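Peer 1: With the numbering used here applied, the sequence shown covers 1 to 117.
No lab work stands behind these hints: they were computed from the structure. It is possible that some hints are incorrect.
[As the list claims (entries may be wrong)] Derived DMTMM-like pairs: lysine to aspartate or glutamate, alpha-carbon spacing no greater than 25 angstroms straight-line:
#	residue 1	residue 2
1	LYS76	ASP8
2	LYS95	ASP60
3	LYS76	GLU33
4	LYS95	ASP74
5	LYS76	ASP60
6	LYS76	ASP3
7	LYS95	GLU23
8	LYS95	GLU33
9	LYS76	GLU91
10	LYS76	GLU15
11	LYS95	ASP36
12	LYS76	GLU101
13	LYS76	ASP36
14	LYS76	ASP99
15	LYS76	GLU18
16	LYS95	ASP80
17	LYS95	GLU84
This one's a predicted model, so the numbers in the text were calculated from it and none came from an experiment.
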Amino acid sequence: MVDFLSADWFRSMNEALEAVTPESASTWRVVFEWADGPSTLPHAMTLSSIERSVAITLGDHLAADALVTMSYVDAKSLFDGSLEPATALREGRFKLRGDTEAIVAMANALRSAVASA
Numbered sequence: 001m002v003d004f005l006s007a008d009w010f011r012s013m014n015e016a017l018e019a020v021t022p023e024s025a026s027t028w029r030v031v032f033e034w035a036d037g038p039s040t041l042p043h044a045m046t047l048s049s050i051e052r053s054v055a056i057t058l059g060d061h062l063a064a065d066a067l068v069t070m071s072y073v074d075a076k077s078l079f080d081g082s083l084e085p086a087t088a089l090r091e092g093r094f095k096l097r098g099d100t101e102a103i104v105a106m107a108n109a110l111r112s113a114v115a116s117a
C-alpha cells in the first residue's frame with residue numbers, strides 16, 4: 001500500500017480513475033480540504049471530471065464547483081475505502097458547500113475508483 005498523498009498514491013488513484021466513466025458528460029471540480037494534516041503534506045486536492053475523464057490533482061482549484069472540508073484522518077480513511085461517504089456524511093464528519101450534483105457525481109466516481117484500486 002502506498003502512503004496517502006504521495007506521488008505514488010496520486011499515480012495509483014489516477015490509474016483507478018481512468019477506468020471510471022462518469023454518469024454524465026458534465027464537467028465538475030470538487031476540492032477536498034483539511035487544515036490539520038502534517039505540514040509536509042498538501043492541505044487540499046481536487047477531483048475533476050472534464051470531457052468524461054476523471055482525475056485527481058494536488059492542491060485546490062479556484063473554479064471548483066464544490067468544497068468538502070474534513071479532517072486529515074477522515075480524508076485518508078475516505079480515500080483508502082475504510083470510511084464510506086454516506087457514513088461520514090451521516091455522522092457529520094465533513095462539511096459540504098457548493099453544487100450538490102457535482103458532489104454526487106464525484107462520490108460515485110470516487111466509489112468506483114476506490115473499489116477498483
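Peer 1: Each hint should be assessed against the structure and marked as holding or not.
Peer 2: Outcome of the hint check:
no.	hint	in the structure
1	LYS76 x ASP8	holds, 15 angstroms
2	LYS95 x ASP60	holds, 16 angstroms
3	LYS76 x GLU33	holds, 11 angstroms
4	LYS95 x ASP74	holds, 12 angstroms
5	LYS76 x ASP60	holds, 17 angstroms
6	LYS76 x ASP3	holds, 10 angstroms
7	LYS95 x GLU23	holds, 24 angstroms
8	LYS95 x GLU33	holds, 10 angstroms
9	LYS76 x GLU91	holds, 16 angstroms
10	LYS76 x GLU15	holds, 18 angstroms
11	LYS95 x ASP36	holds, 15 angstroms
12	LYS76 x GLU101	holds, 23 angstroms
13	LYS76 x ASP36	holds, 12 angstroms
14	LYS76 x ASP99	holds, 23 angstroms
15	LYS76 x GLU18	holds, 20 angstroms
16	LYS95 x ASP80	holds, 19 angstroms
17	LYS95 x GLU84	holds, 15 angstroms
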